[in-house]
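Given the structure of chain E, go ahead and fit chain C onto it with the hints provided.
Listed below, chain by chain, are the residues.
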Amino acid sequence: AQSVTQLDSHVSVSEGTPVLLRCNYSSSYSPSLFWYVQHPNKGLQLLLKYTSAATLVKGINGFEAEFKKSETSFHLTKPSAHMSDAAEYFCVVSDEDSGYALNFGKGTSLLVTP
Amino acid sequence: GAVVSQHPSWVICKSGTSVKIECRSLDFQATTMFWYRQFPKQSLMLMATSNEGSKATYEQGVEKDKFLINHASLTLSTLTVTSAHPEDSSFYICSASKDSNQPQHFGDGTRLSIL
Numbered sequence: 003a004q005s006v007t008q009l010d011s012h013v014s015v016s017e018g019t020p021v022l023l024r025c026n027y028s029s030s031y032s033p034s035l036f037w038y039v040q041h042p043n044k045g046l047q048l049l050l051k052y053t054s055a056a057t058l059v060k061g062i063n064g065f066e067a068e069f070k071k072s073e074t075s076f077h078l079t080k081p082s083a084h085m086s087d088a089a090e091y092f093c094v095v096s097d098e099d100s101g102y103a104l105n106f107g108k109g110t111s112l113l114v115t116p
Numbered sequence: 054g055a056v057v058s059q060h061p062s063w064v065i066c067k068s069g070t071s072v073k074i075e076c077r078s079l080d081f082q083a084t085t086m087f088w089y090r091q092f093p094k095q096s097l098m099l100m101a102t103s104n105e106g107s108k109a110t111y112e113q114g115v116e117k118d119k120f121l122i123n124h125a126s127l128t129l130s131t132l133t134v135t136s137a138h139p140e141d142s143s144f145y146i147c148s149a150s151k152d153s154n155q156p157q158h159f160g161d162g163t164r165l166s167i168l
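Sequences listed follow chains E and C, in order.
Numbering-wise, the working numbering comes out as the position in the first sequence, counting from 1, plus 2.
Numbering-wise, the working numbering comes out as the position in the second sequence, counting from 1, plus 53.
Chain E on its own, in the form it takes in the complex:
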């Protein structure tokens, strides 16, 4: 069985300050982990993915995430927030046991203030 928990439903940061969106997962198998971003009334855009290669994954728009097996975490970070980063972010886990279906976290709403 697999699951993913996004620890914060809302995160608010000031423009130019670091972003940290937290995600913990559980998986019986070697998981693939993803972060997606969704802007209002839009589909999802893949930010980055981990698939058992390097544990520090760099994505688009300056985002990165580190896979920590010992902590079962896959937190998303960005050194400096931009106003355009305001959106909903989803942490997603997938593994062979689930037939590679995506299991979504509940999402974290990121607010960026001027």
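Hints should not be assumed to be uniformly reliable.
[Unchecked claim] No farther apart than 16 Å at their CA atoms in a straight line, the calculated lysine to aspartate or glutamate pairs in the EDC-like style are these:
1) E/Lys51 with E/Glu66
2) E/Lys44 with E/Asp87
3) E/Lys51 with E/Asp97
4) C/Lys67 with C/Asp141
5) C/Lys119 with C/Glu140
6) C/Lys94 with E/Glu90
7) E/Lys108 with E/Asp10
8) C/Lys94 with E/Asp10
9) E/Lys44 with C/Asp161
[To be verified] FRET-style restraints, in silico, Cβ to Cβ:
10) E/Pro20 with C/Lys108: 46 to 56 Å
11) C/Pro93 with E/His84: 24 to 34 Å
12) E/Thr53 with C/Leu127: 16 to 26 Å
13) E/Ser86 with C/Thr110: 30 to 40 Å
14) E/Ser72 with C/Lys108: 34 to 44 Å
[What the hints assert, rightly or not] With the C-beta cut set under 7 Å, the calculated list includes, among others, these residues of chain C facing chain E:
15) Ser96
16) Asn154
17) Gly160
If you are wondering where the hints come from, they were derived from the structure by calculation, not from laboratory data.
This one's a predicted model, so the numbers in the text were calculated from it and none came from an experiment.
We put the CB at the ideal spot given by N, CA and C, even for glycine.
Quick look at chain C alone, frame taken from chain E:
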């Protein structure tokens, strides 16, 4: 690359009508397509998985006679909401992948409002 187009983006219709939503992979062949439903301020819930040329596999609790899925070609899947009612109003999102264990690429979603 890996562009998925979903149409229409917004539809409003009367209760009792049927609505068809299209999902197309524009620059790749999608062996597998997925349909999700998203309620306001909630996460995505997988409704069904469809493989080209096969019947869709529905998640528990999703009525297959209500939500008809057709995946007749490697670039097109359709979701038809039959005899839609206000409780069917939601944001429907499709995704497509080259294979079940390949990354999914998402469409922009369809906002369905049933009056």
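Verification of the hints:
Between E/Lys51 and E/Glu66 the CA atoms are separated by roughly 9 Å; this keeps the pair inside 16 Å, and the hint holds. A threshold of 16 Å between alpha carbons decides the hint, and for E/Lys44 with E/Asp87 the separation of about 14 Å falls inside it, so the pair holds. For the given pair, E/Lys51 sits about 13 Å from E/Asp97 by alpha-carbon distance, which is consistent with the 16 Å threshold. At roughly 12 Å between alpha-carbon atoms, C/Lys67 and C/Asp141 fall within 16 Å of each other, so this suggested pair holds.
A threshold of 16 Å between alpha carbons decides the hint, and for C/Lys119 with C/Glu140 the separation of about 12 Å falls inside it, so the pair holds. For the proposed pair C/Lys94 and E/Glu90, the alpha carbon gap of about 9 Å is at most 16 Å, so the pair holds. For the hint pairing E/Lys108 with E/Asp10, the CA-to-CA distance comes to about 9 Å; that is within 16 Å, so the pair holds. For the hint pairing C/Lys94 with E/Asp10, the CA-to-CA distance comes to about 14 Å; that is within 16 Å, so the pair holds.
Of the supplied pair hints, the one linking E/Lys44 and C/Asp161 holds, its CA atoms being roughly 5 Å apart against a limit of 16 Å. Distance hint for E/Pro20 and C/Lys108: a CB-CB separation of about 48 Å, consistent with the stated range 46 to 56 Å. The hint said 24 to 34 Å for the Cβ distance between C/Pro93 and E/His84, and at roughly 26 Å that hint holds. A hinted range of 16 to 26 Å holds for the C-beta pair E/Thr53 and C/Leu127, which are about 24 Å apart.
Evaluation of the 30 to 40 Å hint for E/Ser86 and C/Thr110 yields a pass: the beta carbon distance comes to about 37 Å. The hinted window of 34 to 44 Å between E/Ser72 and C/Lys108 holds, with their beta carbons roughly 42 Å apart. Interface restraint check: C/Ser96 against chain E, minimum CB-CB distance 4 Å, threshold 7 Å, status holds. Checking C/Asn154 against chain E: minimum C-beta separation of about 4 Å stays under 7 Å; hint holds.
Annotation: interface hint on C/Gly160 holds; nearest CB of chain E at approximately 5 Å, less than 7 Å.
Consistency with the previously given hints is maintained throughout, with no hint failing.
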